Amino acid sequence: MTSIVLMLVIVLIIWRIKQKKELFAKLSFGEKIYTSLIYVMSLFIIFWTASKLLTAIKTFELNGLIETFIFLIILAFGLWLIVTIWSKILPKKVLEDL
34 MTSIVLMLVI VLIIWRIKQK KELFAKLSFG EKIYTSLIYV MSLFIIFWTA SKLLTAIKTF
94 ELNGLIETFI FLIILAFGLW LIVTIWSKIL PKKVLEDL
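Read in order, the letters of the sequence shown correspond to residues 34 to 131 in this note's numbering.
FYI, nobody ran anything at the bench for these hints, they're computed from the structure.
Bear in mind the structure is a predicted one, so any value in this text is a computation, not a measurement.
We put the CB at the ideal spot given by N, CA and C, even for glycine.
Misleading hints may appear alongside valid ones.
Claimed, not checked - Derived DEER-like restraints, expressed as beta-carbon distance ranges:
{"hint": "1", "residue 1": "L86", "residue 2": "T117", "range": "15 to 23 angstroms"}
{"hint": "2", "residue 1": "L112", "residue 2": "T92", "range": "36 to 44 angstroms"}
{"hint": "3", "residue 1": "L105", "residue 2": "L45", "range": "15 to 23 angstroms"}
{"hint": "4", "residue 1": "G97", "residue 2": "V73", "range": "27 to 35 angstroms"}
What the hints assert, rightly or not - Cross-link-like lysine to aspartate or glutamate pairs, in silico, EDC-like; alpha carbons within 16 angstroms at most:
{"hint": "5", "residue 1": "K54", "residue 2": "E100"}
{"hint": "6", "residue 1": "K53", "residue 2": "E64"}
{"hint": "7", "residue 1": "K125", "residue 2": "E64"}
{"hint": "8", "residue 1": "K121", "residue 2": "E55"}
{"hint": "9", "residue 1": "K85", "residue 2": "E100"}
{"hint": "10", "residue 1": "K54", "residue 2": "E64"}
{"hint": "11", "residue 1": "K126", "residue 2": "E64"}
{"hint": "12", "residue 1": "K51", "residue 2": "E100"}
{"hint": "13", "residue 1": "K53", "residue 2": "E129"}
{"hint": "14", "residue 1": "K65", "residue 2": "E55"}
{"hint": "15", "residue 1": "K126", "residue 2": "E55"}
{"hint": "16", "residue 1": "K125", "residue 2": "E55"}
Could you put the whole structure together from the sequences, leaning on the hints where they help?
Spelled out as structure tokens, the structure:
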């Protein structure tokens, strides 16, 4: 399961970088590395914590629909938190193009 998640994270990162090719052309070498590392760490954290969160929610043995709603609410909060952190640490050129 972990290898599938890792492979999915790598594919998403490559897709995102190819999608923003013009943006990365404007960045300096250090900004490219910094931005790529932030994307890699963020996506890995999202997928890893989502799998742990789903496991934790399933231990309560709730209805499947309620489990899904709880998972989506907590995941949305986590994504909001990551985007908030991104807005503080990403280079200005990247933020203007998001």
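For this session: List in ascending order the numbers of the hints, as given earlier, that are violated by the structure.
Result: 2, 5, 8 and 12
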